[in-house]
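Colleague: What follows is each chain in one-letter form.
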Amino acid sequence: MSSTDKSNMRTPLSKVRGLGSAKDGTSHFWRTRLTALANIPLALFFIYFIASVAGKSYEDALAFIGNPFVAVTLLLFIISGVYHMKLGMQMIIEDYVSGEKSKILSLMLNVFFASAVGLACVFSIFKISFGA
Amino acid sequence: MAPKKTQRPLSPHLSVYKFPLTMMLSMIHRITGAALYFGTALLVWWLIALASGGEAFATVTWFMGTPIGLLIMVGYTWALFHHMVGGIKHFLWDFGKAFELDTVELVAKLATAIPIILTILVWAVGLGMA
Ligand code: HEM
Numbered sequence: 001m002s003s004t005d006k007s008n009m010r011t012p013l014s015k016v017r018g019l020g021s022a023k024d025g026t027s028h029f030w031r032t033r034l035t036a037l038a039n040i041p042l043a044l045f046f047i048y049f050i051a052s053v054a055g056k057s058y059e060d061a062l063a064f065i066g067n068p069f070v071a072v073t074l075l076l077f078i079i080s081g082v083y084h085m086k087l088g089m090q091m092i093i094e095d096y097v098s099g100e101k102s103k104i105l106s107l108m109l110n111v112f113f114a115s116a117v118g119l120a121c122v123f124s125i126f127k128i129s130f131g132a
Numbered sequence: 001m002a003p004k005k006t007q008r009p010l011s012p013h014l015s016v017y018k019f020p021l022t023m024m025l026s027m028i029h030r031i032t033g034a035a036l037y038f039g040t041a042l043l044v045w046w047l048i049a050l051a052s053g054g055e056a057f058a059t060v061t062w063f064m065g066t067p068i069g070l071l072i073m074v075g076y077t078w079a080l081f082h083h084m085v086g087g088i089k090h091f092l093w094d095f096g097k098a099f100e101l102d103t104v105e106l107v108a109k110l111a112t113a114i115p116i117i118l119t120i121l122v123w124a125v126g127l128g129m130a
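First to last, the sequence lines map onto chains A and B. To convert, note that position 91 of the first sequence is 91 in full-length UniProt numbering; the numbers rise steadily by one, no gaps. To convert, note that position 66 of the second sequence is 66 in full-length UniProt numbering; the numbers rise steadily by one, no gaps.
A portion of the hints provided could be inaccurate.
Said to hold, decoys possible - Ranges of calculated distance between the beta carbons of each label pair, as one might list FRET restraints:
id: 1; chain 1: B; residue 1: Leu70; chain 2: A; residue 2: Met91; range: 24 to 34 angstroms
id: 2; chain 1: A; residue 1: Met91; chain 2: B; residue 2: Thr103; range: 17 to 27 angstroms
id: 3; chain 1: A; residue 1: Gly25; chain 2: B; residue 2: Phe91; range: 11 to 21 angstroms
id: 4; chain 1: A; residue 1: Gly131; chain 2: B; residue 2: Leu101; range: 52 to 62 angstroms
id: 5; chain 1: B; residue 1: Phe95; chain 2: A; residue 2: Met91; range: 19 to 29 angstroms
id: 6; chain 1: B; residue 1: Phe63; chain 2: A; residue 2: Glu59; range: 16 to 26 angstroms
id: 7; chain 1: A; residue 1: Ala63; chain 2: B; residue 2: Val125; range: 19 to 29 angstroms
id: 8; chain 1: A; residue 1: Pro41; chain 2: B; residue 2: Arg8; range: 49 to 59 angstroms
id: 9; chain 1: B; residue 1: Phe91; chain 2: A; residue 2: Glu59; range: 34 to 44 angstroms
Simulated from the structure, these hints should not be mistaken for lab results. Quantities reported herein were computed from a predicted structural model and do not represent experimental measurements. We treat Cβ as the ideally placed atom computed from N, Cα and C, and that holds for glycine.
So here's chain A without its partners, still in its complex pose (with noise of 0.2 angstroms):
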């Protein structure tokens, strides 16, 4: 084992630096947690969201995602909340896909989801916004 082989002067840390499965797991972690914390409140004004427009009609709708308060804390929860489900969904497939090519072409459908979701919702809220 070249743990013992003495001739190697690379440390145990330097032998496995950047070799976790995407090579990017602290930057990872840190960016979940980040959204995480940043989804408590704004999740926490979603479900005031939902729970207010649940049964509005067309035009109260309008006017409730017309007010620029509720518009920008919807886009900041969007925008948060597809990020840190983006790496979610990540963690979930390098836990369950695990042959090389669906792995790809799964890590890829979870970009291609996300970015959709994202700009449907922040196109849609712009829209409504400056007046349909």
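Position chain B with the ligand against the provided structure of chain A, taking the given hints into account.
Modeller: Then chain B with the ligand, alone, in the frame of chain A:
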């Protein structure tokens, strides 16, 4: 015939384990995460419909008002509360807190009950306003 194998202890099947609450919560955190992930498609549908016009919006509103639609909305609220409380529990663990066995049990019970209570409160108020 192959020689008789030495008797070795068998690995117990998964089904003989009792499912401790902590283990259930760990699985449910991941399941709610995945459910919230796919559930965002509904938010997209709702927002795009609202941005498209009254007719498209009427279709979504109709669907959300059906028993299945209501179930999805209440379910989504619960999943979000549950995942959020689970996330807060993760923060405690990240700081090295709440690992003592009786604390773990207590936190698990709270993390089960609080989201249910909050969901009921929100919808009692939410439907009361509507
Ligand atoms: C409301 C506040 C939220 C908090 C505090 C939170 C917290 C967390 C934390 C700490 C993790 C990592 C768990 C681990 O390391 O095993 C996680 C995972 C995850 N979250 Fe969230 N989250 C929140 C909202 C959301 C939302 C809105 C979504 C989706 C739209 C979401 C989707 C996910 C997914 C898919 C995972 C991966 C599940 C897993 O690996 O088991 N989360 N969340």
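Colleague: So, for every hint listed, does it hold in this structure?
Modeller: Here is how each hint holds up against the structure:
For the pair B:Leu70 and A:Met91, the supplied restraint of 24 to 34 angstroms holds, since their beta-carbon distance comes to about 31 angstroms. For A:Met91 and B:Thr103, the hinted distance range of 17 to 27 angstroms is satisfied, since their beta carbons lie about 26 angstroms from each other. A:Gly25 and B:Phe91 have their C-beta atoms about 19 angstroms apart, which keeps the hinted 11 to 21 angstroms range intact. The hinted window of 52 to 62 angstroms between A:Gly131 and B:Leu101 holds, with their beta carbons roughly 58 angstroms apart.
The beta-carbon spacing between B:Phe95 and A:Met91, approximately 21 angstroms, falls within the hinted interval of 19 to 29 angstroms. Between B:Phe63 and A:Glu59 the beta carbons are some 19 angstroms apart, a value that agrees with the proposed interval 16 to 26 angstroms. Judged by the Cβ atoms, the range 19 to 29 angstroms given for A:Ala63 and B:Val125 holds: they are separated by roughly 21 angstroms. As the Cβ distance of A:Pro41 to B:Arg8 is approximately 54 angstroms, the hint placing it in 49 to 59 angstroms holds.
The supplied range of 34 to 44 angstroms is met by B:Phe91 and A:Glu59, whose beta-carbon atoms lie about 41 angstroms from each other.
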